[in-house]
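Q: Sequence:
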Amino acid sequence: MAASRARRLWLDVHLYVGLVLGGLFALLGLTGSVLVFYLGVDEALNPALQVSRPVIEAPSPDAVLSRVQAVYPEHDGPWRIEMPLDANDALRVRYYNPPETAGRGFAPLMLSLDPDSLQVTSGRLWGDYAVTWLYDLHYTLLLGSAGKTAVGIAGLVLLVSLFSGLYLWWPSRARLGAALKPVLRRGVVRKTYDLHVLSGVYGFVVLAVLALTGSVLALPDEARSVVDRFSPLRPSFRAPAGLLEEGATPIPLAEAVRIAQARFPGAELRWIETPGRAGKPISVRFHQAAEPGRRFPRSQVWVHPASGDILAVRDPLENSGGDTFMDWMHPLHNGEVFGLAGRLLACLGGLLPTLAFATGWLRWRHKVRARKASTRSLARAPSIT
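Take the sequence shown: its letter number 111 is residue 111 in my numbering, and every next letter is one higher.
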């Protein structure tokens, strides 16, 4: 009796979560599938972003800074330079908090430069072009911090739906092998059920990882608070301002990179952030081979913009378990940690909520119609007196 009540409870949970939030899960999954390859999608939509010819040697960061400052002289804050990922990749530069988007939250100025000529091929504001609008839809539902919170909660609810579905499906040990066979039975009703079940069972691990990592990324403060209880997290370095006297010239970026590189010899240079008018440290970020994410690695050195002294270092290879867990969230979410195969898996995983929602809704409609037909049949049956 207790088992029957528990099954009824989880059946209701699975049904109503799917009916109420299934469309949202599908939206998040579809947008996520596109965003797995969003740099390539952006280049396909905007051919001007493609480089003129492969570049073997990355350009000097000082030359890059001089070029963007010449094009945008009124932007005297910090610039963040992202080095190309390969010889055919564009050079990307960001300017956070531009005056054009004041009050819009996260909406930096995004530049693309040809790494050979250093010509600015694109200057766009975050959220004003397709892939960044799609990113905001996926991450915040275009509702700012409230939407971001909703997305994080939705990921946790999706986990509940996944586990409830697995519980409802789980067969006896004798039937497990047969239940796992990827066979679609004949008939619309049975085929719909099989598609719903098999997509959930075979995609369970991928969907659970996407849901968990998505929730952590959408609710970072809450996640850090929970993780810190089990494995203390390293405090973030708070970069001081005012390190440059007014009118003073900071050390060249190339010199800052050389100083920082000595801390991570052999690591790949990925990002450089300039001091700006506030006189903050020069931040240099590298990718070490053991790190899960190459585009947004966590190996970081903060260099004094005047003296060249190292102010702080973050080495993810010396992380606590909690820090390592947090560092893996983004590269797991987009599949980057497993290379192209991982990205393809994440992309396909993003399609599964739509399939599950569609087949689950059809399955529910089949049951409703069958119930109504049964009621009408009983109503027409002659009474026995």
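Simulated from the structure, these hints should not be mistaken for laboratory data. Virtual Cβ for every residue (Gly too), placed ideally from N, Cα, C. A few of these clues could be false.
With a Cα cut of at most 27 Å, we get these calculated DSSO-like pairs of lysine-lysine [claimed, not checked]:
#1 Lys191 x Lys181
#2 Lys372 x Lys191
#3 Lys372 x Lys181
#4 Lys181 x Lys367
The following label-pair restraints were derived from C-beta to C-beta distances [to be verified]:
#5 Ala146 x Leu344: 28 to 34 Å
#6 Ser307 x Tyr202: 34 to 40 Å
#7 Leu344 x Phe230: 40 to 46 Å
#8 Arg238 x Ser60: 28 to 34 Å
#9 Leu168 x Arg234: 15 to 21 Å
#10 Leu166 x Ala44: 48 to 54 Å
#11 Arg80 x Leu9: 46 to 52 Å
#12 Leu125 x Leu168: 45 to 51 Å
#13 Arg238 x Asn88: 19 to 25 Å
#14 Arg238 x Gly123: 26 to 32 Å
Q: When the hints from earlier in the document are held up against this structure, which numbers fail?
A: 3, 6, 7, 9, 10, 13
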